[in-house]
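Residue numbers (this note's numbering), protein chains in the order written: chain X, 130 to 658; chain B, 130 to 658.
Please note that the accuracy of each hint is not assured.
Stated by the list, open to error - Partial chain X-side listing against chain B, Cβ under 8 Å, derived:
1. I256
2. T571
3. G628
Hints were generated in silico from the structure; no laboratory data involved. All figures in this text were calculated on a predicted structure; none of them were measured in a lab. Each residue gets a CB set at the ideal place from its N, CA and C atoms; glycine is no exception.
2 protein chains.
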Amino acid sequence: MTLSGDLLIGGAAVRGQGLGFHAWNATTGEPLGPEFASATAGQLARACELAAEAFERYSETTSSERAAFLDEIADRIVAIGDELIERACAETGLPRARIEGERTRTVNQLKMFADLVREGSWHDVRIDHALPERRPLPRPDLRLRRVALGPVAVFGASNFPLAFSVAGGDTASALAAGCPVVVKAHGAHPGTSELVGRAVRDAVDACGLPPAVFSLLFDAGFEVGTALVRHPAIQAVGFTGSRSGGLALRAVANAREMPIPVYAEMSSVNPVFALPAALAVRGEPMAQAYVESLTLGSGQFCTNPGLLFAVKGAAFDRFVEVASEALAAKPAGVMLTQGIASAYAQGIERLCGMPGVRVLARGKTAGSEPGWRAQAALLLVEASELIARPALAHEVFGPSSVIVACDSVEQMIALARLLEGQLTATLQIDAADHAAARPLLTALQRVAGRVLANAFPTGVEVADAMVHGGPFPATSDVRSTSVGTAAIERFLRPVCYQGLPQDLLPPVLRDENPSRAARRIDGRLQLPA
Amino acid sequence: MTLSGDLLIGGAAVRGQGLGFHAWNATTGEPLGPEFASATAGQLARACELAAEAFERYSETTSSERAAFLDEIADRIVAIGDELIERACAETGLPRARIEGERTRTVNQLKMFADLVREGSWHDVRIDHALPERRPLPRPDLRLRRVALGPVAVFGASNFPLAFSVAGGDTASALAAGCPVVVKAHGAHPGTSELVGRAVRDAVDACGLPPAVFSLLFDAGFEVGTALVRHPAIQAVGFTGSRSGGLALRAVANAREMPIPVYAEMSSVNPVFALPAALAVRGEPMAQAYVESLTLGSGQFCTNPGLLFAVKGAAFDRFVEVASEALAAKPAGVMLTQGIASAYAQGIERLCGMPGVRVLARGKTAGSEPGWRAQAALLLVEASELIARPALAHEVFGPSSVIVACDSVEQMIALARLLEGQLTATLQIDAADHAAARPLLTALQRVAGRVLANAFPTGVEVADAMVHGGPFPATSDVRSTSVGTAAIERFLRPVCYQGLPQDLLPPVLRDENPSRAARRIDGRLQLPA
Chain X
130 MTLSGDLLIG GAAVRGQGLG FHAWNATTGE PLGPEFASAT AGQLARACEL AAEAFERYSE
190 TTSSERAAFL DEIADRIVAI GDELIERACA ETGLPRARIE GERTRTVNQL KMFADLVREG
250 SWHDVRIDHA LPERRPLPRP DLRLRRVALG PVAVFGASNF PLAFSVAGGD TASALAAGCP
310 VVVKAHGAHP GTSELVGRAV RDAVDACGLP PAVFSLLFDA GFEVGTALVR HPAIQAVGFT
370 GSRSGGLALR AVANAREMPI PVYAEMSSVN PVFALPAALA VRGEPMAQAY VESLTLGSGQ
430 FCTNPGLLFA VKGAAFDRFV EVASEALAAK PAGVMLTQGI ASAYAQGIER LCGMPGVRVL
490 ARGKTAGSEP GWRAQAALLL VEASELIARP ALAHEVFGPS SVIVACDSVE QMIALARLLE
550 GQLTATLQID AADHAAARPL LTALQRVAGR VLANAFPTGV EVADAMVHGG PFPATSDVRS
610 TSVGTAAIER FLRPVCYQGL PQDLLPPVLR DENPSRAARR IDGRLQLPA
Chain B
130 MTLSGDLLIG GAAVRGQGLG FHAWNATTGE PLGPEFASAT AGQLARACEL AAEAFERYSE
190 TTSSERAAFL DEIADRIVAI GDELIERACA ETGLPRARIE GERTRTVNQL KMFADLVREG
250 SWHDVRIDHA LPERRPLPRP DLRLRRVALG PVAVFGASNF PLAFSVAGGD TASALAAGCP
310 VVVKAHGAHP GTSELVGRAV RDAVDACGLP PAVFSLLFDA GFEVGTALVR HPAIQAVGFT
370 GSRSGGLALR AVANAREMPI PVYAEMSSVN PVFALPAALA VRGEPMAQAY VESLTLGSGQ
430 FCTNPGLLFA VKGAAFDRFV EVASEALAAK PAGVMLTQGI ASAYAQGIER LCGMPGVRVL
490 ARGKTAGSEP GWRAQAALLL VEASELIARP ALAHEVFGPS SVIVACDSVE QMIALARLLE
550 GQLTATLQID AADHAAARPL LTALQRVAGR VLANAFPTGV EVADAMVHGG PFPATSDVRS
610 TSVGTAAIER FLRPVCYQGL PQDLLPPVLR DENPSRAARR IDGRLQLPA
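Start from the sequences and build out the full structure, keeping to the hints where you can.
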């Protein structure tokens, strides 16, 4: 398939009339064809207006229609074949095995939402039958279901060119909910975006859905994204990216007359708490696993462990020694973009310049290797320094982490209470640590969306019970997750139907329950037979 | 019980150090003692900080502790007895039967949330067991529950001195979720607020909970409310009131560094669509019921039917005639406050002065009766005028409504698509109207949180399937309801626990399921045996 660099607006390939740009090969630092072109304000408005028109029909598709559509997208992404893998590898510098794994994840995510749509409990049906004899007033028949919000703006993420981009988690959950999607592709992987976008467009066609259920826009800068969040047809926003990017979009949304939900996943340092018994018993493998986790994908995961707390002593010293040695052996990893690579270099320089920061180890330098590369870094500070300088706990996106040397477990707990909001928080514990872990856990569940024991936070399972979210600044909306089946709730709202005759009720609310969804009837949850 | 006019901060009665004010008898227009005094910024900060301290313990109370607390509040509100009824009647001008009914509703609401807390499905437990053999990577054990957001600011509403004030729906659902509550009492019924506030405080004591689970603040102006929304300890806001008030609080929340959910229920004209067959078959009783609904409680319900659409013809003329006659017989109703009474008078004057508006009928004038009173009003406009002047469809809070004369059902449907967000939308239909009702219903479920057939929207049932919410400007957050069991979701967020040993897991997530909540296990919803 030849890449065209065209936008997809309401099913049609359209040449962007805005600024041109092209992709880069992250590993070689060379430009990649073809020329892409930004959408203009008019082109963006057209995509949004068409999405609003498509909404009515799409939001009332049956569960099987919508599920078949999600499955079709999955199949068509697989069918692109090696071209997708090669282009994504080139544009992101991520290794082939990672991109192949991410494709599997993306496809499974789409199929998971297809299954969820079929299963039906997401409708959250509640039926309270009429009580005509009730005194002093009769109760009317009341039936609740969740319906789609409307067109959703999805921003592609730099670090997940498939799983959090054009047909990634935000798109899959929005489409599952019944919302048309307008994607703003990430400028770092426009070719990957076009390939996936065309697969979605073809799935729309194959399923006979309104073409404007999906549009794909390119942008050389920030204008398209800003205008998208501002457009009155857009009813929700899904974003994964930097804190500054997320805050900027939130400010744009705040300035709208009609408020809309903005689901921005922004920044997290994912603190790890290595408790004394665990550190004594398995400090060495823990140090190895820690360095593997913090350098995975060149440290470009939202769940990268950027802070590790442990109590000083012999086991601590050994942990630091092993981790430093492991990190020093790490080659300079390829970064997603030149901008990310330089922001990382500056961030490390800033950290290293702060009083009390000790550089434990640096990874190998890039030397004369081409492309955008980053030298891993392992730093150490005393707990008292962290208390004095909270900026030490701000995210530096890339392969680095800060070990915080604590005087006691009590100090570790006190520090946990001071943390900003996080996507994850991790306990490394042995049986003898459980008593100390209890107050720590109480603190950490207030700070983070996911609390782990005896693992590292990179690797986010796509499942019913996953939460990829958390208090600000990890995300802009603590009530939600962007991974797992609960992600569909972000794009739904409840509607109550009072006293409607059966033939006017939406099928899922009718007495006969044709879609066999679980329903709460007169206060009791009932499963289909 | 002698009213003191004191604030309640962390369980203690404290004299407000800010501006003094007093209540008014709405029916006589005379001042009511005692003197109340506003909280200062320092007093407010203390209430918020204490609430934050109480949060940890309160949010981890067991279901039975929390349910017993809610039941205790209900019992203590009943135990206040006639003093509460008399004070509320005096402060609001609402009749005794209404206030007694509202007390029953308030008490039942608290008990409903107690039952919900015991039942446990609100935890939304999801368990995905570990799959250690899975390839290429094992799946860890993942368990999700919903936890409380943190301290919640609740604003008392003028028009529901019990059911949407100190221990009303927002407070009940926030306490049920595990959130401490700081109430800003409505300045129009401070005595009622103090009585209920003391009942809540005594329930806190009786249940052995941290005293700062509940605080009550007074305010002569807007400073306390503004500072409350701005305070960093506050994690969510519940508000019922005017559009300008809700928008002001939203602007304050938007200016915070940490975004928080603001649940502001603001304004709605609750359109009614009287379809031709229904109008022909039962236009006369419909007209009577319409006038009863729009003048109920002097028209001071959020769900007051402020717009009615019908197609011109003989049945329409008869409907207008009967409605006009019924409205003309209505006495001038007592309004909640002088401010609301004069805003209503100005709003009607504004409407009547708009081109194309015909005054069909006015209710009786207040004459020499004391207190704050409002003269009911029934107006008529042509559909074309409404299209030209959307301000005709803006809420005028009080006993008025505008009948919109349509040329056809098609025009009615077109108008439905142009409406702003609403709490409710109503269909009046006969069997012969179903075909026309279908596209109308499609439009209305996008506009409103609740769609009714063959009833009037005043009277909001407290039930599982109720939605009291809707798109902007009906509310500031379309994803939620402020009435019914789903209101608890506003104050919860999901947390995932990965790989935690059983003894560190919160009880509801342990294998043995001690609270017998419904849980989704490995993708299948399971009810307790």
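Status of the hints after comparison with the structure:
1. I256: The hint holds - I256 of chain X has a Cβ within 8 Å of chain B, the shortest such distance being about 6 Å.
2. T571: holds, 6 Å
3. G628: holds, 5 Å
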